[in-house]
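The whole structure should be built from the sequences, with the hints applied where relevant.
Protein chains: 2
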Amino acid sequence: MSSADDRRPRPGRPRHISGPNSSLSPRDQILDASARLFVHQGFAATSTREIAERVGIRQASIYYHFPSGKDEILGELLEKSVRPTVDKVAQIEGMCPPEAPETALYVLMLLDVRTLVSLPHNTGFLAQLPEVTRSPAYEQYDKTRRGLEDAYERLGCQVVRPGVIVPGSAGEWLLNHAETVIFMRRSGATLGRAAEAAIAASGIRMCGAGQDQIDHAGQRAAEVLASL
Amino acid sequence: MSSADDRRPRPGRPRHISGPNSSLSPRDQILDASARLFVHQGFAATSTREIAERVGIRQASIYYHFPSGKDEILGELLEKSVRPTVDKVAQIEGMCPPEAPETALYVLMLLDVRTLVSLPHNTGFLAQLPEVTRSPAYEQYDKTRRGLEDAYERLGCQVVRPGVIVPGSAGEWLLNHAETVIFMRRSGATLGRAAEAAIAASGIRMCGAGQDQIDHAGQRAAEVLASL
Numbered sequence: 009m010s011s012a013d014d015r016r017p018r019p020g021r022p023r024h025i026s027g028p029n030s031s032l033s034p035r036d037q038i039l040d041a042s043a044r045l046f047v048h049q050g051f052a053a054t055s056t057r058e059i060a061e062r063v064g065i066r067q068a069s070i071y072y073h074f075p076s077g078k079d080e081i082l083g084e085l086l087e088k089s090v091r092p093t094v095d096k097v098a099q100i101e102g103m104c105p106p107e108a109p110e111t112a113l114y115v116l117m118l119l120d121v122r123t124l125v126s127l128p129h130n131t132g133f134l135a136q137l138p139e140v141t142r143s144p145a146y147e148q149y150d151k152t153r154r155g156l157e158d159a160y161e162r163l164g165c166q167v168v169r170p171g172v173i174v175p176g177s178a179g180e181w182l183l184n185h186a187e188t189v190i191f192m193r194r195s196g197a198t199l200g201r202a203a204e205a206a207i208a209a210s211g212i213r214m215c216g217a218g219q220d221q222i223d224h225a226g227q228r229a230a231e232v233l234a235s236l
Numbered sequence: 009m010s011s012a013d014d015r016r017p018r019p020g021r022p023r024h025i026s027g028p029n030s031s032l033s034p035r036d037q038i039l040d041a042s043a044r045l046f047v048h049q050g051f052a053a054t055s056t057r058e059i060a061e062r063v064g065i066r067q068a069s070i071y072y073h074f075p076s077g078k079d080e081i082l083g084e085l086l087e088k089s090v091r092p093t094v095d096k097v098a099q100i101e102g103m104c105p106p107e108a109p110e111t112a113l114y115v116l117m118l119l120d121v122r123t124l125v126s127l128p129h130n131t132g133f134l135a136q137l138p139e140v141t142r143s144p145a146y147e148q149y150d151k152t153r154r155g156l157e158d159a160y161e162r163l164g165c166q167v168v169r170p171g172v173i174v175p176g177s178a179g180e181w182l183l184n185h186a187e188t189v190i191f192m193r194r195s196g197a198t199l200g201r202a203a204e205a206a207i208a209a210s211g212i213r214m215c216g217a218g219q220d221q222i223d224h225a226g227q228r229a230a231e232v233l234a235s236l
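So the sequence lines, in the order shown, correspond to chains L and Y. Taking this note's numbering, I'd label the letters of the first sequence as residues 9 to 236. Taking this note's numbering, I'd label the letters of the second sequence as residues 9 to 236.
Source of the hints: derived by calculation from the structure; they are not laboratory data. Don't be surprised by glycine CBs; every beta carbon is placed ideally from N, CA and C. One should not assume that every hint holds.
[As the list claims (entries may be wrong)] For lysine to any residue, the following SDA-like pairs were computed, each having C-alpha atoms within a straight-line distance of at most 20 Å:
| id | chain 1 | residue 1 | chain 2 | residue 2 |
| --- | --- | --- | --- | --- |
| 1 | L | Lys78 | Y | Pro138 |
| 2 | L | Lys151 | Y | Leu45 |
| 3 | Y | Lys78 | L | Ala52 |
| 4 | Y | Lys151 | L | Arg193 |
| 5 | L | Lys88 | L | Asp150 |
| 6 | Y | Lys151 | L | Asp150 |
| 7 | Y | Lys78 | Y | Pro105 |
| 8 | Y | Lys151 | L | Ala197 |
| 9 | Y | Lys151 | L | Ser195 |
| 10 | L | Lys151 | Y | Arg194 |
| 11 | Y | Lys88 | Y | Gln166 |
| 12 | Y | Lys151 | Y | Glu139 |
| 13 | L | Lys96 | L | Ala108 |
[Said to hold, decoys possible] Chain Y is nowhere near these chain L residues, computed Cβ spacing over 12 Å in every case:
| id | residue |
| --- | --- |
| 14 | Ser69 |
| 15 | Glu187 |
| 16 | Glu204 |
[Unchecked claim] Just the calculated beta-carbon pair ranges, DEER-fashion:
| id | chain 1 | residue 1 | chain 2 | residue 2 | range |
| --- | --- | --- | --- | --- | --- |
| 17 | L | Ala202 | Y | His48 | 37 to 45 Å |
| 18 | Y | His48 | L | Gln67 | 24 to 32 Å |
| 19 | L | Ser195 | Y | Arg169 | 20 to 28 Å |
Spelled out as structure tokens, the structure:
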């Protein structure tokens, strides 16, 4: 009974049944489709026409939501990978006792890892694309990320034990460690809560903290995170 | 005395004075120019015409050295990022005492880190590009890299202490840790011998080894590496 006609879209049926989740707003559908395309085929290789096709809207509608087009979409995706963590830094530092900097570092790293793990389509990777680093949107991202690196630096310097040599600066090193999840996701890994905690724990362990301190930081971190 | 004419190339002068190091063979000049272009602007965005222009040769000469063109160049660059380490795995495992697996893991990671740090233009990054993972050249690289991951897995499983939770598999986790240098270089870091050793040491520390074991592994590793 199957014929070529059966495969033709019926009137009124959405054109793109495998498109983004239609429970999202049109603006979020554009962000979601762009994220998927940028990560899987590159930012330069993706056109606004292609994004519009995926969402099932006209190309002009992209510019209604994002007047500056692709770069504006990129800027928002990049910012989402660092902003949620940066926005909690002062609160984390305020809530954790200064005499146990491992706790604050653990919380910061766990929050950062969870932010990166929860990003749809692993958009934390976008900042690595050569064409993205040249985009005007990159500058703002880079500034926000530096704020995050500064927080890692402040806390990391207090946690690193004597005799433990850090390659480069503690801030850059710890931020890079948290960002490992981007490349683990890229290799196909699925990271659950235990894996997220293991990455935060290994960050503290890399600084030379002992297992007792790590366990204690992990327990306190769970309480702090719950009230953030 | 300066005029517009002074800036015009004189007859007989090479067209590309800022091109690759001319002490290299033409084949290696092609690899070097390609590496720089692929990393800085992307693989898809680079044409063989552009590579030929950078080297100062005709486009047809690229195909004389690399009959399959860009993908063949890419394959060779990718392989150079993993092959030198993989080729030493059996020797490392043979030279290190089985009762101190930290030493073998330290040597493997230090060698891997040094290989990645010494790659011109940070070509270790190429495997991350979306268009590269779709290239036919990627398959061979992926196979070689899996051999490296297996070695990390074999050694990592012996080093990881009870109570230390590993996100995913030990092999993937340790290989990802070594590859952090790619992203540190990408952020502009210059990694010297001390930083390389610090990354290997932190890999062993992440597994839960104590400072004494790390120091011992580091000392033995220097001897093993010197005779590889």
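Hints, verified against the model:
1. L/Lys78 - Y/Pro138: holds (18 Å)
2. L/Lys151 - Y/Leu45: Not OK: L/Lys151 and Y/Leu45 at ~26 Å, beyond 20 Å, violated.
3. Y/Lys78 - L/Ala52: holds (19 Å)
4. Y/Lys151 - L/Arg193: holds (19 Å)
5. L/Lys88 - L/Asp150: holds (12 Å)
6. Y/Lys151 - L/Asp150: violated (34 Å)
7. Y/Lys78 - Y/Pro105: The given pair, whose Cα atoms are some 43 Å apart, is violated under the 20 Å limit.
8. Y/Lys151 - L/Ala197: Distance ~17 Å between Y/Lys151 and L/Ala197 Cα, so the pair holds.
9. Y/Lys151 - L/Ser195: Status holds; Cα separation ~13 Å.
10. L/Lys151 - Y/Arg194: Holds - the C-alpha atoms of Y/Arg194 and L/Lys151 are around 16 Å apart, at most 20 Å.
11. Y/Lys88 - Y/Gln166: Since the Cα atoms of Y/Lys88 and Y/Gln166 sit roughly 28 Å apart, the hinted pair is violated (cutoff 20 Å).
12. Y/Lys151 - Y/Glu139: holds (18 Å)
13. L/Lys96 - L/Ala108: holds (18 Å)
14. Ser69: holds (26 Å)
15. Glu187: L/Glu187 is in fact no farther than 12 Å from some Cβ atom of chain Y, at 7 Å.
16. Glu204: violated (7 Å)
17. L/Ala202 - Y/His48: 37 to 45 Å: Holds: the Cβ-Cβ distance is about 39 Å, inside 37 to 45 Å.
18. Y/His48 - L/Gln67: 24 to 32 Å: 30 Å Cβ-Cβ, so the 24 to 32 Å window holds.
19. L/Ser195 - Y/Arg169: 20 to 28 Å: Given about 24 Å between the Cβ atoms, the range holds.
In the structure shown, a violation is registered for the earlier hints numbered 2, 6, 7, 11, 15, 16, in ascending order.
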